[in-house]
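What follows is each chain in one-letter form.
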Amino acid sequence: MTGTGSIGRKLTLLLAGVAALLSLLSWAMVNGLAKQAAERTQDNVLAASATTIAETLRSEQGEVRLELPYSAFSMLGAIGEDRVFYRVTAGEQMLTGYEDLPLPSDPPSQGQVVFDTAQFSGEAIRMASVSRVIFAGVQAVPVTVTMAQTRNGVSAITSDLSQLAAFLSVMFFLVAVAMSAFAAQTSLKPLNEIAAAVARRGPSDLRPLRREAPTELAPLMTSLNRLMDRLGQSIRRSEDFIAEAAHRVRTPLATVRAQAEVALRTTDDDAEKQRLRRIIRAVDESSRSAGQLLDHATVAYRAEDLSRHPTDLADIARKTVDGLEPTAAMKDIYIKLDTAPATVSGDAVLLENAFRNVLDNAIKYSPEDTTVTVRVFVENGYARAAVVDEGPGLGDGPAENLTERFRRGRNTEGIVGSGLGLTIASDVLRAHGGHLDLGQPTKGKGACVTLVLPSS
Amino acid sequence: MRYACLALILTFLAGVSSALEVEDHRRYPGTGNEELHVISTADLEVFEPYLLAFQAARPDLTIDYTVASSAELHRAIRNGAVFDLALSSAMDLQFQLANDGYAQRHQSDRTLALPNWAKWRDLIFAFTAEPAVMVLSTERFAGLPVPTTRQELVGVLRQHPDVFEGAIGTYDVRESGLGYLFATQEARSTDAYWRLSEVMGRLDPQLYCCSGQMIDDVTEGKLALAYNVLGSYAADRLARASGGKVQVLSMQDFGNVMLRTALIPSNATNPDAAGLMIDMLIDLGLRSTPENWPLPPLNQVGIDHAAGFSQIRLGPALMVYLDPLNRRAFLSEWENAMVQK
Chain V
1 MTGTGSIGRK
11 LTLLLAGVAA
21 LLSLLSWAMV
31 NGLAKQAAER
41 TQDNVLAASA
51 TTIAETLRSE
61 QGEVRLELPY
71 SAFSMLGAIG
81 EDRVFYRVTA
91 GEQMLTGYED
101 LPLPSDPPSQ
111 GQVVFDTAQF
121 SGEAIRMASV
131 SRVIFAGVQA
141 VPVTVTMAQT
151 RNGVSAITSD
161 LSQLAAFLSV
171 MFFLVAVAMS
181 AFAAQTSLKP
191 LNEIAAAVAR
201 RGPSDLRPLR
211 REAPTELAPL
221 MTSLNRLMDR
231 LGQSIRRSED
241 FIAEAAHRVR
251 TPLATVRAQA
261 EVALRTTDDD
271 AEKQRLRRII
281 RAVDESSRSA
291 GQLLDHATVA
301 YRAEDLSRHP
311 TDLADIARKT
321 VDGLEPTAAM
331 KDIYIKLDTA
341 PATVSGDAVL
351 LENAFRNVLD
361 NAIKYSPEDT
371 TVTVRVFVEN
381 GYARAAVVDE
391 GPGLGDGPAE
401 NLTERFRRGR
411 NTEGIVGSGL
421 GLTIASDVLR
431 AHGGHLDLGQ
441 PTKGKGACVT
451 LVLPSS
Chain G
1 MRYACLALIL
11 TFLAGVSSAL
21 EVEDHRRYPG
31 TGNEELHVIS
41 TADLEVFEPY
51 LLAFQAARPD
61 LTIDYTVASS
71 AELHRAIRNG
81 AVFDLALSSA
91 MDLQFQLAND
101 GYAQRHQSDR
111 TLALPNWAKW
121 RDLIFAFTAE
131 PAVMVLSTER
141 FAGLPVPTTR
151 QELVGVLRQH
161 PDVFEGAIGT
171 YDVRESGLGY
181 LFATQEARST
191 DAYWRLSEVM
201 GRLDPQLYCC
211 SGQMIDDVTE
221 GKLALAYNVL
231 GSYAADRLAR
241 ASGGKVQVLS
251 MQDFGNVMLR
261 TALIPSNATN
271 PDAAGLMIDM
281 LIDLGLRSTP
291 ENWPLPPLNQ
301 VGIDHAAGFS
311 QIRLGPALMV
321 YLDPLNRRAF
331 LSEWENAMVQ
341 K
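Chains as they are written, first to last, in UniProt numbering: chain V, 1 to 456; chain G, 1 to 341.
Isolated chain V (complex conformation) (with noise of 0.2 Å):
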């Protein structure tokens, strides 16, 4: 699987990102609009002054006369600590004044006020200018009122508001991100969930995912229930197919087998006898392990769709044992049976399964003229059947490689066997919540294998 990074922090950082723009966005926006409320705060105290000058104006024997109001200067020093500037002209005579302050690039028409800006002194100005006709005896003289001022406050201003927006957008964006990173992990916890519950699940568990998930997910579910679907279908089938191949295979063999015992029993060459007996045995061995495949695919079948009822694992024990006395006997192997009342919930059938799988192998492997244990108990809430034989042990590899499929202990060299014996008694045993324990015995050599299950 190749990785594309992180679903969450390319949401995080695609949030974050839209978020910087927005803060940046913001801040600029903010600045401009100080910027402009400043100026035009300005522009309407300059106004102001202007106007409120140009009111003063009159006319006096044939003169223009004006007056500077105390107000049209002090509401100046409102806006910060600005320098001044003023200018009044009749026509084109100047009356009082700065007298080099530039004139507006447009002249006002009457009652109109014109702003400009321009260099004076040495620093940009920012003025208002204010045009009025007086007659002055007989003609008309139009008066201009200038009013300058730099604009020192109206950049305070400004900078302080762009600081502060500066800082509200630094906040804002810290904020965003943090509820970026929130969301993006709240969206994805569905996925997250979902994922925990695929890993929880047993290796054989081809169930449907029964989950509420947001609609984004319903199709992977769709797809995931899908794929299970199928995966077990086919593992079904190719279970099917085995266990229809063993069946097939069994019956043509019973008959090789019978028509090979006939045959010993009729020939008296000793050579020949013993190649029927090899074959005999290949038969017998072939058989068997039809009989394993069949059985796992019964255990893999049953185990879907579990039946539990009250079954004592001691009775169990014993009709087993019965069962494979004769097998015993013939190698002169002695089974001990020490059984006390043992109640577990489950398939009858499938735990007669598993422990003649246990049992059987523990013959098989024993040598001759020994002695194998079956002892059944209650211990800590969990029933226990341990079978211990006297045979070479399970040798020193790692015990759960024994209960892999097809998987035979290092030590078996010579015994015909499949290798599906445990796995089937393992794959039971895990159905029905319990587990084998492969081991040692206390004392002496041997293996100990204990197939434990929760006791009811």
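Take the hints with a grain of salt, since some may be wrong.
According to the in silico footprint, chain V covers these stretches of chain G (three or more CB under 8 Å from chain V) [claimed, not checked]:
| # | stretch |
| --- | --- |
| 1 | 310-316 |
| 2 | 325-338 |
Here are some chain G residues pointing at chain V (derived, C-beta under 10 Å) [unchecked claim]:
| # | residue |
| --- | --- |
| 3 | 98 |
| 4 | 319 |
| 5 | 320 |
Don't read these hints as lab results, they were simulated from the structure.
Note that beta-carbon positions come from the ideal geometry of N, C-alpha and C, so glycine has one too.
Keeping the supplied structure of chain V fixed, place chain G upon it in accordance with the hints.
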């Protein structure tokens, strides 16, 4: 303003120093070569302690101290006379110098400690707050009620013209920058000013250039009353005892408080030393105890809280009465009231 361009150029040609009307001048030689040239409206006897205190801190510095009227000081700086520090009681003229670009910036931890109302653009710095008061002669006022408002003062003057005929002193606002500032601010703030001026005008008032002379004349009994005298000078002189012959009076209805300001002219040759001197003056201006300095600090209990006293604001409005048209109009009205022929 700039209505005398030609005169200005001529003044330049004639030489700056010769154009300056110096009232007093003294050098305080230091041990080093560095010099600090101060032009001020404060009399030497008032300001000498400050100069000596500064020289004690900087003994290497030679201090050159020139006393001139506020109008002369203003004109000199405007015409490009070279000084490192200009100290003036005429706030309006100082403000105009700063506004028109004749001052340079100064910033230090001391100027930062100064409240906003006591500085402007880091160009001008206030270091004293001095109220306008009335000084009266107790001998001449014997038996008369002591007025506490302008209204009462008008009443007293009207009822006893014999006592006050030719015995009222006040600033000649045409000559004194400070007098003009006090008069315009008072005219703006209370309508009683013009009524009082009318009444005074009928009593043949004596016009002065400076507070010091008015107080001397009250002490000598030549004047019964001096109106709009600088409180600091009055207090200073009274401290040197007149044997209870004079009394300082604050009007309860309204009183101006002037801020004495300092600025470093833009062409100063030793702005660093000037900055240090300003820092020292601000330090003294911010002191909380009166101590033994001739000039009062910025925050004075009693002035701040007394009803009617208002500080003249350091702001563009100060330039209104400096406008030649406004000045002409105000002076003609003042002359009509005061100098009745």
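Verification of the hints:
1. 310-316: Result for this restraint: holds, n = 3.
2. 325-338: Since 3 is at least three, the answer is holds.
3. 98: At about 8 Å, which falls below the 10 Å cut-off, the nearest Cβ of chain V leaves the hint on residue 98 of chain G intact, so it holds.
4. 319: It holds, given that the least Cβ distance between residue 319 of chain G and chain V is near 6 Å, below 10 Å.
5. 320: 5 Å, holds
This entry satisfies every hint, going by the numbered hints stated previously.
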